[in-house]
Each structure stands twice: as C-alpha cells, then as structure tokens.
Amino acid sequence: MNHQPQPRPGDPEISPELVENHGLNEAEYASILAILGREPTYAELGVFSAMWSEHCGYKHSRPLLRNLPTESAAVVQGPGENAGVVSVGGDWCVAFKIESHNHPSAIEPYQGAATGAGGILRDVFTMGARPVALFDSLHFGTLDDPRSRYLFDGVVRGVGDYGNCVGVPTVGGEAIFDAAYEKNPLINVMCVGVLPVSRLIRGEAEGVGNAVMAVGARTGRDGIHGATFASEELDEDATSSRPQVQVGDPFTEKLLLEASLELISRELLVGIQDMGAAGLTSSATEMSSRSGSGIEINVRHLPVREENMTPYEMLLSESQERMLLVAKPGCEEAVQEVLARWDLQAAVIGKVTDDGMFRVREGDALVAEIPVRPLVDECPTYEPEARESDEVEAQRSRLDEIDPEALLEKAGGAARALLSLLDDPTIADKRWISEQYDTTVQTNTLAGPGGDAAVLRLPDRTRGIAISTDGNGRHTYLRPRTGGRAAVAEAARNVACTGARPLAMTNCLNFGSPLRPSVYFQLREAVAGMGEACEALGTPVTGGNVSLYNETGGTPVYPTPVVGMIGVLKDISRRVGSAFTDEGGEIWLAGVTREELGGSAFLAVCTTDDQGNPIVAGEPPEVVLEAAANLVEFLVTGAEAGVFRSAHDCSDGGLAVALAECAIAGGQGFDVFLDRAPGGDSVSGATLWFGETHSRAVVTAVPEDADRVREIGAECGIPIERIGVVGGAVCRIEGGGHVAELDLTRLSERYKSAIPGRMGSEPVGVAR
Amino acid sequence: MKFGIVRFPGSNCDADAYRAVTEGLGETAVYLWHKSRDLESSDVVVLPGGFSYGDYLRGGAIARFSPIMGEVVEFAHNGGLTLGICNGFQILCEAGLLPGALTRNRGLRFRCVPVSLRVERVDTPFTSEYADPDVPAETFSGFHRAPVVQIPIAHGEGQYTADAETLDALESSGRVAFRYVNGAGEATDAANPNGSANNVAGILNEAGNVLGMMPHPERHSIRALGPDDGLPLFRSLVRAVGTS
Amino acid sequence: MTAAAPGVSSGGGSGEPRLPVWAVEVRVTPRQGILDPEGQTIQRALQDLGYAGVESVRAGKLFDLRLQANSAAEAEREAKRMCGELITNPVIEDYTLSVSEPP
Amino acid sequence: MTAAAPGVSSGGGSGEPRLPVWAVEVRVTPRQGILDPEGQTIQRALQDLGYAGVESVRAGKLFDLRLQANSAAEAEREAKRMCGELITNPVIEDYTLSVSEPP
Ligand SMILES: Nc1ncnc2c1ncn2[C@@H]1O[C@H](COP(=O)(O)OP(=O)(O)O)[C@@H](O)[C@H]1O
Ligand SMILES: [Mg+2]
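Protein chains in written order, with the working numbering: chain A, 1 to 768; chain B, 769 to 1012; chain C, 1013 to 1115; chain D, 1116 to 1218.
Derived by calculation from the structure, the hints in this document are not laboratory data. Keep in mind that the hints are not guaranteed to be accurate.
What the hints assert, rightly or not - Sample of chain D residues at the chain C side, in silico, Cβ under 10 Å:
#  : residue
1  : V1143
2  : R1146
3  : G1148
4  : I1149
5  : G1154
6  : Q1158
7  : L1161
8  : L1177
9  : A1190
10 : M1197
11 : E1200
12 : N1204
Said to hold, decoys possible - Here are the computed distance ranges between Cβ atoms for each label pair:
#  : chain 1 : residue 1 : chain 2 : residue 2 : range
13 : B       : D891      : A       : A706      : 46 to 56 Å
14 : B       : D957      : A       : G757      : 18 to 28 Å
15 : D       : G1165     : C       : R1030     : 13 to 23 Å
16 : D       : T1211     : B       : E974      : 26 to 36 Å
17 : C       : T1108     : D       : R1192     : 19 to 29 Å
18 : D       : R1196     : A       : D354      : 55 to 65 Å
19 : A       : D681      : D       : L1164     : 54 to 64 Å
20 : C       : R1030     : A       : P12       : 51 to 61 Å
21 : B       : N966      : D       : S1213     : 35 to 45 Å
22 : D       : L1164     : A       : V739      : 44 to 54 Å
23 : D       : S1213     : C       : D1060     : 21 to 31 Å
24 : D       : G1165     : A       : D681      : 55 to 65 Å
25 : A       : G727      : B       : D957      : 46 to 56 Å
Predicted model only: the values in this text are computed from it and were never measured. All C-beta atoms in this analysis are idealised placements derived from N, C-alpha and C, irrespective of residue type, glycine included.
With the hints as extra help, turn the sequences into a complete structure.
Encoded structure:
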C-alpha cells in the first residue's frame, strides 16, 4: 500500500491556474504545501479549497468575531457547534442558529430557500433539540421589479413548503424591500429547538475505532463547491460554473429528524453532524477536530446517487438531507435498527482514529491524508484595509442643510406620509407571507407572526420563549457601528415587548466583498457595535453565520447584520401583545424622542432627491446602550407586574406607524397628542411623527394603573408620558403642528393590501 | 376511552392530536405505527395531518397502502369511529372510505388561517357537543345545525372535489359535516379558502362513522393556547363511545 | 376557458382573419443529476407494492397548450419562447415539445 | 438508486436472466370538468406577457418509468396497473401512456 496519496487516473494536474480556480491564493497554497510536506492531490486541493473558503473558514471575519461576548450563566453551548444552546430554566434548553442561503436563492429561489430551511433545521436537531420554530429574514429588491417579485414568491413558497412538510411552524421573520438587494437578495433562516438538558449532544468524533456512518439521502453531484460558490460574488451569467442546484426533500428531512432524535434519546451516539456546506469533508473534519481525534473514511462505502463519482466529488458534494454520525461502540446494529424503522439507510463509511489525520481511501487507494487541526483551525485569516467610503460620509452630512418640515410638506403632509409608510411593503402587513406558512403546527404557538416577537409555550406549560429577528441595512450603511448596535437593541426590545427577558442571540452578517476597504470597514464596525450592545444588554452571541461577497456588478448590498434573539417568558399567562384591545385604555410613550430623522423609512419612502431617488441620508439614530437596557427592563417589569395591556416598540416609520400598527392589530382606534412625548417639544414635527429614535415603546394600561406605570418607568430610568387613549373607529394624531384623523378601516386597508396588491392574487410563474 | 392516533412517517400533527386528547380532553391516546397491524383496541381512530409519505405525488396516495390502513379500513367498515384531519382526510378519500378527492387549493398557495365553519349537523358522533342547549337549533335541509365555530386550516391541497352526482348525494343525505362560511354563517365564495365544491370543509361516510375534514380541530383544543372551538368535536366522540 | 373548435381559432366577433390553432404538448423533466424526490418516492412505493421490475421513475410536468399560429413552425417557435420565459425553469428543468393539429 | 444501463436490466449478481427494459411515458391530465387552476394561471400569465394567441393551457403530470418486462405489451399492462393503483387518481385524473425502447 502506498504511504502517500497518489494522483488518481483522470485527475487534472495541479497547476497554478487550478489552484486559483479553487479560490486559493499563492500564500494559502504555500501553507498547504507546508502542512502536507508535498503537493496535494486533486481531492486534497478540493478539501482545502472548501475548508478554507470564506464560508467554512471565516477568513475575513474570524478575527472580528473573536471580540463578541459569548458567555453568560445561561449559555450551555457557545459558538463553534452546530447550534448554540442556552438554558431557559428548569430542565429545559433552547438550541438555535441562523444561516444564510443568499446565493443559491438568487439562482433558484424556491429550492434555494427550501434547502436553506433544511440546513438550519439539521443544525438544530443534531444538537438533540426538537425544532419548534423557524424564522425567515428576507431582503429583496422592490416589488416593482419583476425579478424581485419572482424571487420573493419563490423564496416564500420554498421556506413554506419545506417547513410545512417537516412540521415546524414558521412563526416570524422580516421582509425588507429595497433596491439595494435587487440583484442579490438575502435569505436568512433561523431555527429554534427545545431539548431537555440531558439530551444535549455535540458534533464530536471520539473513541478510536468507533464507526463513522453516513445517513440519509444518497450523495449526488449537486452543490459541489457550494461553499466556495457562496464565497464569491454573484456573476451575472456564469450559469455554467454554478454548482448544480440542490433540490430539497423535506420528507427525508422529517425522517432524519425523527430518527436522529430517537438515536440521541436512546444514547446510541457519540456525535452527530449535518453534512452541510462542504458536505462530507466539513462534517468529518470538524467532528474530529473538536475531539482532537482523526478520522478515516472509504468513499467506496458512501451511498451514491450517480454513477462514476470521483472521490473529489463525493468529498465535496452538498447533496441535502445527509448526516454524519459516530456510533457508540457496539451500537452500530441498534443504530441501523432505528434508521430502518424510519426507512433510512446508514452506511458505515469509516472509523475514528487517534492520529489526527483526515484519511480518505477509495478502495485500497489512498486519495487524501491531511492533518485535521491545520485544515480546520488554521485557515489563514485576514484583516484587510478598512476605510469608510467617501460616498457614505457625504450621505451622512447631506441632511444637514435640509429642514425636516420642508420634507414633510413635500411628502404631502403628515397624514399622506403615514399612509405612504403603511403602504410600503417593508412596513406593511406581512400576512401575504405568513399565511403561506404553517404557524400553528405543534400547538405551542402563543403569538405567531404579526407582533413584535413570536411567543411559544415550552414543554413545562408555564414558561415560554420569545423570538425576534431584526436588522436595519439602511442604518448600518449610514453608520455601521450604530447599525450593529441597533440590530441587537431592536431584537432585544422586540422580545421584551412580549414580557420576555432577552437571553442570548445568534446573528447572520450579510455583507459585500471584504476585499473592498469600504466593506471591510462596515463589517468591522458593525461587529464591534453588535458586541457593545450584547455586553450592555447581557445577551451573548452563541453562534451565527457570515455571508460575504453579497454584491453584483461591483455594488455591494447594504451591510446587513441580522440578529436572532431569544428571550424567556417566566409565565406565559403574563404575555403581552402589541394590539390595542382595551377601549378606554391609556396610551403611554416610553423613551425620549430626539431629532434623529436620518436613515428613516420616512426619508426613503416619502421623499425623493432631485434625481427622483429615495433619500437615504443623515446620521441614523444613535443607540444609547443604557437606555436600550433600561427600556428592556421597563417592558419586562411592566409585563411581569401585569400592568401592560399592550406593548409595541417604535422602529421603521417611527411613532406614528407604531400607533397605527397597534390600532390595526387590535381593531381599535385612538386619540393621541404627541407634544407631551418625552423630548417631544424639542424636535421637529416630522421627527416627532416619523423619527426612528431607539429605545422607545408604546404601551397601554388601564387608567387605574397610571401610577404603577409611572413608578415602573421611574424605577427603570425610563422617561414616560401619557399621550392618549384607545378607542373608536378613528385614529387621531396631533403633534408637532400637524394633525391627522384617519379612519381605522382606511389605514388597515392600506396596510393589508400593500403586498398582495403588488404581488397579484396568483403565484408568479417562472419569470426571469 | 382510548384514541388511537396513526403515525405515518411524515405525520406532523400526530403530537397535536395526542395533546388535544390528553391535555385538552383528559382522555387516553396511543400512537399507532403505520407498519403495525394492531389498532390496540382503540375506540376512535384518528388519521392526523401532515405529509404521510412526503405526499409529493398526491396527499395520501401512498399512505393508503400502509399496513395499518388495512386495519383502519376494516375498523371503519365495522362501524368504528374514524376521524381524518387534513392529510387524514386526503388518505380517507384515497382509501375509498370517503368519496371525492382533495386537490390543490384554488389559489395554488398553502394557506394557514383561522376559518369560520358552520357545523351542519349536530346529531353525529363527531358533532353532538356543538349543539347549544340554549339556542334553538336551526334546521337546514331537515338537519339540525349549530352556529359558527373558528378552527384553523393549514393546507396546500384542500380543495374538495367530486362529481355532481356525488355532491348531490352528499348534500341530500346530509353528509356535509362542516362548511366554510363567513362571519354571518353564509357559505359565500369569499369565505371559501381553497375553492372546495359547495364550500365543503368536512364530510361523513354513508354510515356516519367516518369523518374527514380539512380544518384542524386539534389545534384549537387547548384553552391555554387560545380558542378551543375544536374541543367539542373530541368531546362528542367521548360521548358517542360512552353511549354506544 | 372553452377550447376552440379543432383547428380553428375562436377568433373575435370582429371578423379578424382566423389563424389555425395548434396543439402543443410540453414535457418538462428534472435536469440530469437534479434530485427528484417525487420520482424516488413513487419508485419505492411501486416496489413496495410488488412491482419489482420498476428500475426508475422520473417525475415531470406536462402542459397542453392550444396556440394560434400561422404554421406549425411558428407555433413551435412561440411555444419555445414561452417555455424559456415562463413555463419551465431552465436552472433545474429540461423540456421537449411537440406540435400537432388538435384532435 | 443508480439507473440501469439503457436497455439492460441492472439485474442481480445472481446470474438471473435479464429482462429487456422499456421506457414508459405516462401522461396525466386533469379530468374533464375538474378545475385546473395551474393551467389557468399559466394561461393568464402568458397572455399578460403578450402571448395573445394562447387559447388554453392544461397542466398535467408526466412520469418516465423504466420497466423490466418480457415484451412491450407486458410493460404496458404493468404500467396500466400501476397507474390504476397508485400513479393516478381516477376521481380527478385521466392518463395515457406509451411504451418504447429506451433511448
Ligand atoms: N418573512 C416573514 N416571515 C414571517 N413573518 C414575518 C416575515 N416578515 C415579517 N413577519 C412578521 O411580521 C411582523 C412585523 O415584522 P417587522 O415589521 O419586521 O416587525 P418589527 O419592526 O417589530 O421587527 C413580525 O411579527 C414578523 O415576525
Ligand atoms: Mg417591533
């Protein structure tokens, strides 16, 4: 037998060009030579290429991510595993993670989104958790653009069909429509699972001689080099070089889910991991790296779907619905039995070793032999030049000369502006999306889509969890550090609106090419901002995903950090919704309003510059971390005390939109006077109505509780003021020199018809 | 009183039905594995929602061949109370226990929404508990019916389809158990979420012991989670078994 | 939508010249190498039902169009454009089509 | 499931006699009178795209089977049984099929 891997007949010769095509630069190739002490085989080159891609190796983000806080008393499993795990009290833990599927969805929206949902589900159930919820954070071009409508339609059907079939409710998400995402949509899916702490299992390969098994779908040629593809910018017409589109098979996923949970609960496994990006390669090497072991596989034993597959292809295929597991000694047969019960096949493809090597054979031939540690953990990292673009600086100061009131006048006045904002698909009702999702399967859903955060009951039947995903690309574009902070602060306060205490978060960083100094600057700043907010709010990061190279034709998307926050609700009977429900209830505004109109939806939706483009300018609202933390405390305290009848934060569209949303949700009008709002007398009318100053929320309480509300505000250091009352069929807002009096039905109609009106009543065909 | 809940590999409302019975109703439930041929002396058999075998071909097309279905068919033929919810309804149609078929929703989209249903009959083993003692029952084609209840749907293939003859037979023999209606109780086209013929949401077999319905009563059977309009259906079954 | 009388456009009442009508059958199949979960499940189910001789099943879609066009060649050209633009998804599907006179 | 080499059964290693393999194309269409929302939607979408000559669209399903059988007639008989039993639902669907030697 050969002691060194030999080239396989038919393999291309290793040339500088081949190396470059694998996304590896000269220095990286030199490291590979040093690590191996020889030239790599073709298969080995493929393995390095995948593992050292941005997607797997975090080349440009790892140094930045190091600074994020990852620990707290609640964190059971931080970053580095398939998913993060936090303790939510009692015996129960929650596993959760978010992942992007941006590039695949830009090519084939339905399958791209479906397989995105499939991948993140596997990440969660391989921790031993039963997935209980999906969330989708979506960014598309505007709905005037036919291609964007096609992508949006396909993505929503894809997420829906997959989650619906597997039986996991999709209980919330975001949908943002902005020309910045036209060519490169962002599709991030988050999965949340619940497990008793005793079930926790990790992606480890321990115990010399233990069997390594491949389970689930057969391996085909689909998605070869998906990880590398995800790490390049989208080429307008490079259809041929794209990896084969992966097709989701949610039924097989459902079988895998049930079988995995059964294998885990019967304690038959040492470790288990999804074959996700970089397929067999990443799962095998990451599992052995975590355990400091080695792993040896024979690709001849891998069940395949196509003929004549090469080791290179088998190692790098990203065929969906596959898992790698390491069985406990002597348990192979029991494992096979469980899998057979679920009509799944498992093949023993190798074993755990102790020599720290990833060794791949094809029959008797050795095709790869790579030391695991450097392959997995020593991917070269870079901290390239970071420099803010002049353009952004110019945009920030552009508002300085503009009078906000003049803009409001140009927008047709306050009432017109409010109606336009409610008609903006980013702000408008998202029922067109969420009704295509099964939101109530598993009968845990206390609050599905439509509120600030979704709320699910935990198995103990008293506690609950609240979940929200948030991010604001426009704000992040204008001031990345602020945008990073804002994503965390908004997600936390959305969770807190329900009465839940924010506990921990995951995140997905969607940015352009880090090789662009302006983009690397955005990334560095946004991550730093996120970290600051995590510290201040006590919500560590337990994992996440980085998606770079989101750009086409040299134009990156808005830098878009998306935060997925989990909070715990001690007592589900004290849950608070966002709807105005009690006629006669008093409306309070918590938090100070400042003159911060920059980056607002009002500017982007209601105003245009001389060229007719939406105005994306100014300094975005600052995130005062202390105020953010205080507001969370205020919301949680008021809910736990049973004082708040409703709570809704101010975000896109500001106070006026927040009020309208509460009214529409509850079917109750209101009468408010905004000049009384904290800080209300020192800001412009436009800002008072539509400014997006952070750390503010609209809460209601019965009149008898007025003193309690004031007390809680004082205790928590939150300035609050009573601004009006709930009731009637009219929404009346007065303040800052403007008055609007609008029928609730009219507001509601605008809000609910915005997306259906643009999408038409029927599915968009395959148009491109 | 024991409910047997069939688990196909792709069932995903099995646990919900289990909870509706155990938590909502306080009765006993057992799971019946699709490969088994034993109904474990269940008093009522439930075919729950989900995607029994992936259902890429047609909902329920493959499930009807599973070993357990042989037993279910026999049970139903012998008068056993059999409830098919959503995918369970599709399976009952494919298995020939109920007439007609469920095809893709008229709007071609999956829909998950609460809908209003009119309980067309309150004198069946599945619906007796919907009779309101305080409200005199209206009569409709000679059958007593109850007011409107709220129960969610969640399906992509729920358009009830049958030929005219079958529909006539269903209507004239009072075998439409639930109908999609608006808030005022009228079976309008706007209130029809999927294009079902005659706004049919659920039907009975000739003997009245098999019910198939697209809406999910099991999801509205737990007080702590909100409305519980589905619970009377399960209570009706308990009563029916108790008095038989 | 009522089908036109065989071979003749339903036209308008407007006295426009009527174009002949063609039947176009479009057969859409998953592209080579693309996973076909539907075909796979059907194959498995058939084998379970005792049809041991089933070696493979591929599931696709079928569209029957009725098209007005001057000639079969023109109908084919048009139908191909429709397939490229709307009916099929070239990223994951292949298609073939055939034109005939409607039955 | 790896596909057999065209025209030849994959057989077992057991030296069983190999039966010839047949390609069966099953075309499933919605029965007359059954609503076909997909076909209608595509028709409307095509008309919106400017294809004015589209008179009707019916959407159906297509299955390509590879069957081992002694003769084309036997393959056809078997395929018909499969259609009756599983592949189609006669309440809502019609089908036609054709048998040929695999390409
Ligand atoms: N893509 C989506 N999928 C499911 N639910 C969504 C989606 N987009 C928005 N929603 C739901 O609509 C509601 C409003 O969303 P959003 O405007 O982002 O709220 P907020 O500003 O409070 O974060 C939320 O409950 C959210 O979960
Ligand atoms: Mg909110």
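Here's how the hints hold up against the structure:
1. Given hint, D:V1143 at the interface with chain C, holds; its Cβ is 7 Å from that chain's nearest Cβ, closer than 10 Å.
2. For D:R1146, the interface hint is violated, the least distance from its beta-carbon to any beta-carbon of chain C being 13 Å, above 10 Å.
3. Taking 10 Å as the C-beta contact cut-off toward chain C, the hint placing D:G1148 at the interface is violated, the least distance being around 12 Å.
4. Evaluation of the D:I1149 hint against chain C yields a violated restraint, the C-beta minimum of about 14 Å exceeding 10 Å.
5. The restraint placing D:G1154 at the interface with chain C holds, with a minimum CB-CB distance near 7 Å, inside the 10 Å limit.
6. Given hint, D:Q1158 at the interface with chain C, holds; its Cβ is 7 Å from that chain's nearest Cβ, closer than 10 Å.
7. For D:L1161, the shortest C-beta to C-beta distance to chain C is roughly 6 Å, which falls under 10 Å, so the interface hint holds.
8. A cut of 10 Å between beta carbons decides the hint on D:L1177: the least distance to chain C is about 4 Å, and the hint holds.
9. Because the closest C-beta pair between D:A1190 and chain C is about 8 Å apart, less than 10 Å, the hint holds.
10. The interface hint given for D:M1197 holds, since its Cβ lies 6 Å from the closest Cβ of chain C, which is under the 10 Å cut-off.
11. With 10 Å as the threshold, the beta carbon of D:E1200 comes within range of chain C, its nearest partner Cβ sitting at about 7 Å, so the hint holds.
12. For D:N1204, the interface hint is violated, the least distance from its beta-carbon to any beta-carbon of chain C being 13 Å, above 10 Å.
13. In this structure the hint that B:D891 and A:A706 lie 46 to 56 Å apart at CB holds, the actual value being about 53 Å.
14. Checking the proposed 18 to 28 Å range against B:D957 and A:G757 shows it holds: the Cβ atoms sit about 20 Å from each other.
15. In this structure the supplied range 13 to 23 Å holds for D:G1165 paired with C:R1030, their Cβ-Cβ distance being about 20 Å.
16. In this structure, D:T1211 and B:E974 meet the distance hint of 26 to 36 Å, their C-beta atoms being roughly 33 Å apart.
17. Between C:T1108 and D:R1192, the C-beta spacing of about 26 Å keeps the proposed range 19 to 29 Å intact.
18. In this structure the supplied range 55 to 65 Å holds for D:R1196 paired with A:D354, their Cβ-Cβ distance being about 56 Å.
19. Judged by the Cβ atoms, the range 54 to 64 Å given for A:D681 and D:L1164 holds: they are separated by roughly 56 Å.
20. A hinted range of 51 to 61 Å holds for the C-beta pair C:R1030 and A:P12, which are about 60 Å apart.
21. Checked against the hint of 35 to 45 Å, the C-beta distance between B:N966 and D:S1213 comes to roughly 38 Å, which is consistent with it.
22. Here the CB-CB span from D:L1164 to A:V739 is close to 46 Å, well matched to the stated 44 to 54 Å.
23. A hinted range of 21 to 31 Å for the beta carbons of D:S1213 and C:D1060 is consistent with their spacing of about 26 Å.
24. Separation of D:G1165 from A:D681 is about 58 Å and conforms to the stated range, judged on CB atoms against 55 to 65 Å.
25. Separated by about 34 Å at the C-beta atoms, A:G727 and B:D957 break the suggested range of 46 to 56 Å.
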